[in-house]
Every structure is written in structure tokens, then in C-alpha cells.
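Residue numbers for the sequence shown follow my numbering, beginning at 423 and rising by one.
Careful, some of the hints might be misleading.
[Unchecked claim] Calculated lysine-lysine pairs in the DSSO-like style (CA-CA distance at most 27 Å, straight line):
no., residue 1, residue 2
1, K866, K887
2, K650, K755
3, K676, K750
4, K451, K638
5, K638, K572
6, K887, K817
7, K817, K755
8, K650, K762
9, K451, K739
[Stated by the list, open to error] Label pairs and their calculated CB-CB ranges:
no., residue 1, residue 2, range
10, D594, E743, 38 to 44 Å
11, E642, N789, 32 to 38 Å
12, D588, F433, 32 to 38 Å
13, G432, G584, 51 to 57 Å
14, T479, L707, 40 to 46 Å
15, P708, H628, 26 to 32 Å
16, A559, A585, 38 to 44 Å
17, P550, T722, 40 to 46 Å
18, R731, P449, 14 to 20 Å
19, R426, H628, 28 to 34 Å
20, G584, G864, 46 to 52 Å
21, P576, G432, 52 to 58 Å
22, P576, L790, 23 to 29 Å
If you are wondering where the hints come from, they were derived from the structure by calculation, not from laboratory data. Computed from a prediction, not measured in an experiment: that's the story for all the values here. For each residue, glycine too, the CB sits at the ideal point set by N, CA and C.
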Amino acid sequence: MAGRHYDRSGFHRFFWGDHNRTVWTTPVKVPVLHLDSLYGGLTVEEKGGGFQTTSFTLQDSLGRLYALRSLDKDPLEVLSPFWRKTFAANIVRDQTSAANPYGALVVPALAEAADVYHGNSSIYYISPSDTSFGEYAPAVQGKLFLLQDKFESPADLLPSFGAAVDFADSDDALLNRFEHNTHHFNQEAFARARLLDLLVGDWDRHKGQWEWAVEKNGSETIYYPIPKDRDQVFLKMNDGLIPAIATSKFVVRKFHSFDEDFDDVQAYMINSEFMDARLLHALSLPEWLQIAGNMQAALTDAVIERAVRRLPAPVYKQLGEDLADNLKSRRDKLPEIAEKMYRILAEEVTIPGTDAAEHFLVNRLDNLQTEISVYRKLDNHRKGRRFYHRVFNRKDTKQITLHGLAGDDSFEVKGSVQDGILVNIYGGLGEDTIADSSEVAGLKRKTRIYDTPRGNELYFGTEAKDMTTDDVRVHAYDREGN
């Protein structure tokens with residue numbers, strides 16, 4: 423059993439929910455882990471894990487890395503020392519039963535069909551007499567663990583990763599993207615990965631839940647997403663008197679339960695807000711719909727049924743058919759969900775440059791459309807290659823914010839219209855040139871320029887509003903998301 427201790431009385435379940443308790447308390451048959459023989463022999467490289475999971479990094483004889491993570495969690499460390507000694511500790515511990523301990527087994531087949539990079543997952547049992555983990559043996563003996571591929575170096579590359587040459591974690595990938603305008607995230611690939619998150623109900627997609635496959639295309643470096651840590655897929659938390667109240671839109675909205683529908687798309691985007699805002703700002707609605715349509719076609723009934731069959735047989739017998747039906751229902755609604763995600767993200771959009779020199783061009787095309795282009799600046803201040811382009815619609819977007827960051831950037835705003843989108847320009851560090859020759863009818867100025875007045879050339883024209891200040895904090899932009 424993955425979690426015998428989640429078997430609670432009917433009285434307890436009335437208040438705290440049935441959740442996935444029957445899954446946790448169902449006996450399953452899985453292989454026994456033998457470190458000395460699996461993959462030619464595995465060695466324990468280090469003990470890791472966050473506040474909740476017991477985990478280890480293992481390495482095989484070829485240098486490939488694997489993550490071994492406990493199915494059961496102990497969230498005690500997320501509580502303050504005071505609460506750890508109270509009834510709250512038992513309640514928080516008990517609510518782990520809302521997760522599906524075997525959900526990660528279902529995801530790889532779905533990811534493969536959806537063209538999302540992924541690793542493989544298997545469940546193993548560690549014998550009560552196993553001493554191969556040395557000093558950590560008492561922490562693993564007699565428990566179920568999830569073994570997954572890990573991606574840190576070229577040794578971990580799989581054939582399915584195509585042209586990838588290396589891996590990066592989110593911190594390094596973001597650092598490179600903001601320092602160099604030759605480093606980019608593939609936003610179409612990230613949109614596919616995020617739609618897959620919603621398909622399987624994974625609400626916990628913060629910055630640390632991603633690795634990145636690195637591809638080279640001439641002088642350009644492109645990052646492709648690899649989702650990891652599928653602990654929260656197929657969550658069931660909306661039963662039980664207290665959890666049903668606690669997970670409403672007015673309390674802890676993000677703990678959203680998995681069923682046949684997407685009744686609260688925003689809930690799935692709370693933990694991913696930082697990454698979504700920085701990695702999905704280039705996609706138009708037609709692009710979102712095309713990505714969703716392609717995924718919908720690829721995720722056939724046969725693919726979904728094959729994926730769900732990866733559950734242990736006794737668990738499949740309990741919930742396999744319902745889970746497959748729910749996945750099919752959600753697949754059928756992917757275009758609708760893609761449009762909802764687009765509209766949430768499109769309302770206020772931030773487009774950051776890099777620490778290199780760039781030219782931002784804002785062209786107010788007509789009363790509805792505003793075009794944003796970003797170019798590299800050459801040494802002679804001429805425009806180089808365009809690396810960002812999108813046309814925004816005023817019906818979808820209320821505000822666009824441009825950040826120049828640290829380079830000697832130039833900003834140009836032009837176009838004469840009756841109405842338009844509010845554009846905020848933050849020149850950032852460096853000696854910037856900002857010129858607005860646009861015109862928008864009405865008293866409200868639709869261009870606002872934020873920078874320090876010294877060291878910059880600023881031309882406000884008749885449209886731009888002067889928001890300059892001597893406070894250098896005007897240059898601040900959250901790159902890390904910590």
C-alpha cells in the first residue's frame with residue numbers, strides 16, 4: 423500500500439473528505455528495487471527533496487541520472503515550528519490523501535502524443551531489509567518510490583530529444599534569456615506543455631517544476647520545456663465538508679480537483695503566473711487555437727486508454743475507466759481552454775528586452791490593433807534582426823508594458839488613431855532614447871514613459887505622459903521570481 427495510514431473512519435471522511443484514500447490503501451504489485459542490478463547498477467549520488475518528499479539522485483554506469491522520489495509525502499516542514507506540535511500537523515499530513523500516488527505513470531504517454539518532452543516513470547518497492555542506501559536505509563525501507571529520468575547533462579539526453587545538446591534549469595535559462603537576445607524560450611512548446619498541465623489537472627507548475635532542453639540554431643540558443651514532478655495530477659480534494667469550503671474560489675483556489683471539466687482555468691494558473699507571463703507573451707489567439715487543435719487530434723481515445731492502463735491493475739480497476747473518460751472530456755475542450763488561457767494572459771502583457779541593446783517599435787496600426795516589434799541594435803545603432811513580433815487587439819489587451827532592462831535601448835512609438843492600447847515604456851538601465859510621435863484621440867494619454875531623466879534622450883511629443891523620476895527603483899524588473 424502506498425499509504426495505509428490514510429484509511430480513516432466515516433466520521434473523519436465526512437469532515438475531511440474521501441479524496442483518493444482508496445487508491446492509497448489498495449495493495450499493488452510492483453518490482454522490488456535492486457540498486458546493484460537495475461540499469462547495470464545504480465549508485466546513490468546525493469539525498470535531496472524539498473519540504474515534503476524523500477528523494478535521491480541515482481547514477482548508472484553510463485553517467486545517466488535518475489530521481490528516486492517517495493510516493494508518500496510529509497508536509498510537516500511547510501508548517502511553522504509552533505503548528506508542527508498541534509492538531510494542524512495531522513490535518514495537513516492527512517490531506518496528502520487528495521493526491522493520486524500513481525498519477526505520474528499516466529503522463530508520459532500523453533506527453534509523447536502531445537509532443538512535449540518528458541522522462542519515463544516507474545514504481546518500485548524497497549525491501550524492509552534493503553541496506554544499499556547506507557545511512558538513509560531507515561528512511562526508505564518498506565516504502566514505494568517513483569523512479570524517473572533526470573536531465574542535467576548531455577549524458578542524460580534521450581533519442582526523443584532530437585537536436586538538444588544539453589539541459590538547463592529554470593534559473594540558468596531565465597538568466598541567459600534576460601542577459602542575451604540570442605537566447606529564447608520556444609513559446610509554442612511551452613504552450614503545449616501548459617495545455618498538457620491543464621489536461622491532467624496539474625496546478626503546481628511553479629518555476630522549479632521545469633527543466634529545459636537546450637538546442638542550438640547557429641548563433642541562437644532555444645530552450646524547450648521538460649515538465650517534472652507530477653505530484654499533483656488527478657487531485658481529488660473537493661469532497662469532505664472542510665476541504666470543499668477551503669478549496670473554493672474565495673479561499674485556497676489553486677487546490678483544484680480533477681474531473682471531466684475545466685470549470686476554473688484561473689486556478690490552474692496561480693502557481694504558474696510568473697512563468698506564464700514571461701514565456702507566453704508572444705502567442706496570438708490563432709496560434710493558441712492551432713496548438714490546442716493539434717494536441718486534440720494527437721490525443722486519441724487509444725492514446726488516452728493506453729496511458730491510463732499504466733496504472734497498477736487494482737488501481738485501474740477502481741478508477742481507470744472514469745479517469746479515461748475525464749481525460750477524453752477535457753481533451754475535447756482543449757481549444758476552449760486555450761482561448762481562456764489566452765484571454766487571461768492577453769489582458770495585461772509585459773514584454774521584456776535583455777541586457778543587450780535593442781530597438782522597440784510600437785506601431786498603432788488602427789483603433790483596434792497595436793503592433794510590437796523588438797530588434798537587435800547593431801553597433802551603428804541601426805536595427806538588426808527582429809526577434810519579437812506580435813499584433814495586439816484592444817478588445818483583448820488593455821495594457822502593454824515594455825522593459826528595456828540594461829542595454830542602451832531605443833523606443834519608437836508611432837501611428838495616429840482614435841483609440842488605442844495603453845503602452846508603458848520602462849527604459850531601464852543604460853542610456854536610452856525614447857520617442858513618441860503617436861496620436862490617440864481623447865484626453866487620456868495612451869503612452870507613459872518611465873525612466874530617470876538624466877542620461878537619456880526623451881521625446882514625449884503630444885501623446886506621451888512624463889512618468890520619469892530620480893528614484894532608480896523605476897528600473898526594477900523581477901527576473902528571478904523568488
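Hint check results:
no., hint, verdict
1, K866 / K887, "holds (9 Å)"
2, K650 / K755, "holds (24 Å)"
3, K676 / K750, "holds (23 Å)"
4, K451 / K638, "violated (44 Å)"
5, K638 / K572, "holds (21 Å)"
6, K887 / K817, "holds (23 Å)"
7, K817 / K755, "holds (23 Å)"
8, K650 / K762, "holds (24 Å)"
9, K451 / K739, "holds (14 Å)"
10, D594 / E743: 38 to 44 Å, "holds (43 Å)"
11, E642 / N789: 32 to 38 Å, "holds (36 Å)"
12, D588 / F433: 32 to 38 Å, "violated (54 Å)"
13, G432 / G584: 51 to 57 Å, "holds (52 Å)"
14, T479 / L707: 40 to 46 Å, "holds (42 Å)"
15, P708 / H628: 26 to 32 Å, "holds (29 Å)"
16, A559 / A585: 38 to 44 Å, "holds (42 Å)"
17, P550 / T722: 40 to 46 Å, "holds (42 Å)"
18, R731 / P449: 14 to 20 Å, "holds (19 Å)"
19, R426 / H628: 28 to 34 Å, "holds (30 Å)"
20, G584 / G864: 46 to 52 Å, "holds (51 Å)"
21, P576 / G432: 52 to 58 Å, "holds (54 Å)"
22, P576 / L790: 23 to 29 Å, "violated (48 Å)"
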